Amino acid sequence: MPQLLIDDVVKAYDATVAVDHVSFEVNGGEVFGLLGPNGAGKSTLIRMVMDILRPDAGRILVNGQPSTGADHDKVGYLPEERGLYRKQKVIDVLDYFGRLKGMKGPDVKAKAQAALDRMGLGEWAKKKVEALSKGMQQKVQIIGTLLHEPEIVVLDEPFTGLDPVNARVVKELIADLKRQGRLIVLSTHQMDQVEELCDRIVMIDRGKRVLYGTVRQIKRQYAEELRRTSGRANVVVVDGEGDFAGLPGVLSVEAVGGESRVTLDPGVSPETFLAHALGRGVSISRFEAAPTPLEEIFIHVVTTNGAAAA
Amino acid sequence: MKGKTWIVVRREFWGTVRRPSWLIGTFGMPVFVGLYAGIIFLIGSAAAKMDKPTGKAGVVDHAGIVRFEQGPSSMGGEIPAEAKQAMDTAIAMAGSSAGPAAGMVKTLLSGTQFVPFATEDEALAALARKEIGAVYVVPADYLATGKIVAYDASESILSEGKLAQAPLRRLLVRSLAADRVAPETVERILDPLQVKTLTRGPEGAWVERGVAELIRRLGVPLGFTMMLLISILVSSGTLIQGVSEEKENRVIEVILSSIDARSLLLGKLLGLGAAGLLQLAIWLTMALFPLFLFVAGLALSPMIVVLCLAYFVLAFLLFGTLITATGVLGTNAKDMQQYGMFWSIACAVPMFFLEIMLREPNGTAARILSIIPLTSPVTMMLRIGARGVAWWEIPLTLAILALSVWLALRFAARVFRTALLMYGKRPTIPEVFRWMRQA
Numbered sequence: 000m001p002q003l004l005i006d007d008v009v010k011a012y013d014a015t016v017a018v019d020h021v022s023f024e025v026n027g028g029e030v031f032g033l034l035g036p037n038g039a040g041k042s043t044l045i046r047m048v049m050d051i052l053r054p055d056a057g058r059i060l061v062n063g064q065p066s067t068g069a070d071h072d073k074v075g076y077l078p079e080e081r082g083l084y085r086k087q088k089v090i091d092v093l094d095y096f097g098r099l100k101g102m103k104g105p106d107v108k109a110k111a112q113a114a115l116d117r118m119g120l121g122e123w124a125k126k127k128v129e130a131l132s133k134g135m136q137q138k139v140q141i142i143g144t145l146l147h148e149p150e151i152v153v154l155d156e157p158f159t160g161l162d163p164v165n166a167r168v169v170k171e172l173i174a175d176l177k178r179q180g181r182l183i184v185l186s187t188h189q190m191d192q193v194e195e196l197c198d199r200i201v202m203i204d205r206g207k208r209v210l211y212g213t214v215r216q217i218k219r220q221y222a223e224e225l226r227r228t229s230g231r232a233n234v235v236v237v238d239g240e241g242d243f244a245g246l247p248g249v250l251s252v253e254a255v256g257g258e259s260r261v262t263l264d265p266g267v268s269p270e271t272f273l274a275h276a277l278g279r280g281v282s283i284s285r286f287e288a289a290p291t292p293l294e295e296i297f298i299h300v301v302t303t304n305g306a307a308a309a
Numbered sequence: 000m001k002g003k004t005w006i007v008v009r010r011e012f013w014g015t016v017r018r019p020s021w022l023i024g025t026f027g028m029p030v031f032v033g034l035y036a037g038i039i040f041l042i043g044s045a046a047a048k049m050d051k052p053t054g055k056a057g058v059v060d061h062a063g064i065v066r067f068e069q070g071p072s073s074m075g076g077e078i079p080a081e082a083k084q085a086m087d088t089a090i091a092m093a094g095s096s097a098g099p100a101a102g103m104v105k106t107l108l109s110g111t112q113f114v115p116f117a118t119e120d121e122a123l124a125a126l127a128r129k130e131i132g133a134v135y136v137v138p139a140d141y142l143a144t145g146k147i148v149a150y151d152a153s154e155s156i157l158s159e160g161k162l163a164q165a166p167l168r169r170l171l172v173r174s175l176a177a178d179r180v181a182p183e184t185v186e187r188i189l190d191p192l193q194v195k196t197l198t199r200g201p202e203g204a205w206v207e208r209g210v211a212e213l214i215r216r217l218g219v220p221l222g223f224t225m226m227l228l229i230s231i232l233v234s235s236g237t238l239i240q241g242v243s244e245e246k247e248n249r250v251i252e253v254i255l256s257s258i259d260a261r262s263l264l265l266g267k268l269l270g271l272g273a274a275g276l277l278q279l280a281i282w283l284t285m286a287l288f289p290l291f292l293f294v295a296g297l298a299l300s301p302m303i304v305v306l307c308l309a310y311f312v313l314a315f316l317l318f319g320t321l322i323t324a325t326g327v328l329g330t331n332a333k334d335m336q337q338y339g340m341f342w343s344i345a346c347a348v349p350m351f352f353l354e355i356m357l358r359e360p361n362g363t364a365a366r367i368l369s370i371i372p373l374t375s376p377v378t379m380m381l382r383i384g385a386r387g388v389a390w391w392e393i394p395l396t397l398a399i400l401a402l403s404v405w406l407a408l409r410f411a412a413r414v415f416r417t418a419l420l421m422y423g424k425r426p427t428i429p430e431v432f433r434w435m436r437q438a
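Residue numbers (numbering that gives the first Met the number 0), protein chains in the order written: chain X, 0 to 309; chain Z, 0 to 438.
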């Protein structure tokens, strides 16, 4: 039984169908990417998962049961439209958020203080929110999302506004949640982070599901299609000694670190390149077909889908 | 009440009553009124030293017709006992320091003592010494002309001299009629009309209704009506500010992921409403305490108080819900205030029909206004005071109001939830109705 099941969900605003018969499931212990261009229906879908909006049709099940108000406390939500009570003290805002998520007793503030300490914001606890920088506020918001130790965590663009150091802190936090067996839904436009963090993804475009599976499966599936449809060249990464540029079927060679990044002529496969190299006695200690970036797949799918819709 | 609603109630209440703006508004207003009254008191005291009322006026009678009486002459007419008692209390509280105002009231209550003088010079000398407040000269040809010359120490329109003219008129009538007309007839000439008004009572019998009775019956309903209107006006700002906070800070999505819209709305309504009512209660206690004592002294009907309180609470919840729900439709604080103002005016609509309701508390207009939820609270409070309500109308209208509060909360929660998620876009009326239909 999946921990979160989205089953044939539909949501329309007048004539606009924001979410059109979308289905997917997510399990505990995985980071699940929810992708899509702006206006694709991601936020509507997330709001339905959070029970802020109700679907017109379909089911949303949490642990096999229809999502209800009682499930509010099991979910931590960091929305894209972020905000805090600017005139209140940081610790009071976190206390309020925690209590609304079902935390009780006198130790809510103590837990909030401990979380602030862990995120390096301990000394800001009694300051008003408006005194904090945007990045600090973002971290407070993340603490508010996780303070009640939710089973399901929905993060909508969690890296927006964070510098590289704080982005790394958040990535480590997500990895930590995954290790704890939590279910994490990550919605972002930053494809490198999707590749780095997500186990599986679903992509929505114009309300419909257009991609669904593991990142590896999708990349494999679309590498061949991209070559076929857009003439995209294969790229291989090689660690070895020899004149790679002189080999047949090689378009260009670029040194990256101690390795060579070899771009092949269109139509030349990595296997053909490897056969040529070994046939000419080139020494190779490592060989890898460079994966198709998810970003290219994203753009390809959105463009193709848009052309089909037009 | 659900636990999460209570969390919102506590946050909104304590968050509001700790705000400097609330504290300044709550305690600053009575201080301001106190300072204002203090300045008037000081000026009045200074004026009193300059213009102390004497209660006397001199008369120089060249026509030889005035028959001076022992003791002061009153203004005539009937002052209700309750009003006289209240004015006595006011004078006792203010003392002579209230200056000209106290002099005026004293003259009204006690009348003027007329002192004869042989010559104008003697009278004017007494006026200069402030032994008397005015001098009246009755010329020798008074019977032919009716003209009298008055010397007034003050230019004020409420000077002792001017206020003494009514008692002087009565003195002259008595003097002219003496020995010619029977004393009872003189009294009737002076006071020919004392009306005793009878109106239909609840059982259809003709009953007498005096001023005190009217105050006793209508005082509480009118008081509650005014309190309701003031509290809605005062609280609408607090309510709208409270809900716009989440919209402006963009925190609403986090909140709605933790608590459903209806519980949030109810929590805000109760918390912010309680803060608004507390402010009103403090103002009433600090600024209008004497009025409370006065009203309490009129032996009010406990049933009227209880019923008015029930209508007040239900009306506050209904209008608070409507103000909050429509307030969030605005895209900025100014828009929100204007939407909220609409409901404040709607609540006051029955006051436009006050005269009709007092004349015909059981009439068609009053009955129709009683069953319309928006006009029901004020109408019913006024009708109860005017004794124009059949017993079954009270549970019926209370039930309609309670149902209206429930429905308003239900529909308002839908509007509230959707409107709060919209940033920077003003919804159209069809959109609002669609949100109300949608679950």
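Keep in mind that the hints were calculated from the coordinates and are not lab data. This one's a predicted model, so the numbers in the text were calculated from it and none came from an experiment. Be careful, since some hints might not be right.
[Stated by the list, open to error] Below 20 Å or equal to it, Euclidean Cα-Cα: the simulated EDC-like pairs (lysine to aspartate or glutamate) are:
(1) X:Lys126 - Z:Glu244
(2) X:Lys207 - X:Asp70
(3) X:Lys88 - Z:Glu154
(4) X:Lys126 - X:Glu148
(5) X:Lys133 - Z:Glu244
(6) X:Lys73 - X:Glu148
(7) X:Lys170 - X:Glu148
(8) X:Lys88 - Z:Asp178
To see whether the hints hold, each was checked on the structure:
1. X:Lys126 - Z:Glu244: Holds, at about 19 Å.
2. X:Lys207 - X:Asp70: It is violated: about 26 Å lies between the C-alpha atoms, which goes past 20 Å.
3. X:Lys88 - Z:Glu154: Measuring from Cα to Cα gives roughly 62 Å; hence the hint is violated.
4. X:Lys126 - X:Glu148: Distance ~24 Å between X:Lys126 and X:Glu148 Cα, so the pair is violated.
5. X:Lys133 - Z:Glu244: This hinted pair holds, its Cα atoms lying about 19 Å apart.
6. X:Lys73 - X:Glu148: The given pair, whose Cα atoms are some 8 Å apart, holds under the 20 Å limit.
7. X:Lys170 - X:Glu148: Roughly 17 Å separates the two Cα atoms, so the pair holds.
8. X:Lys88 - Z:Asp178: 90 Å, violated
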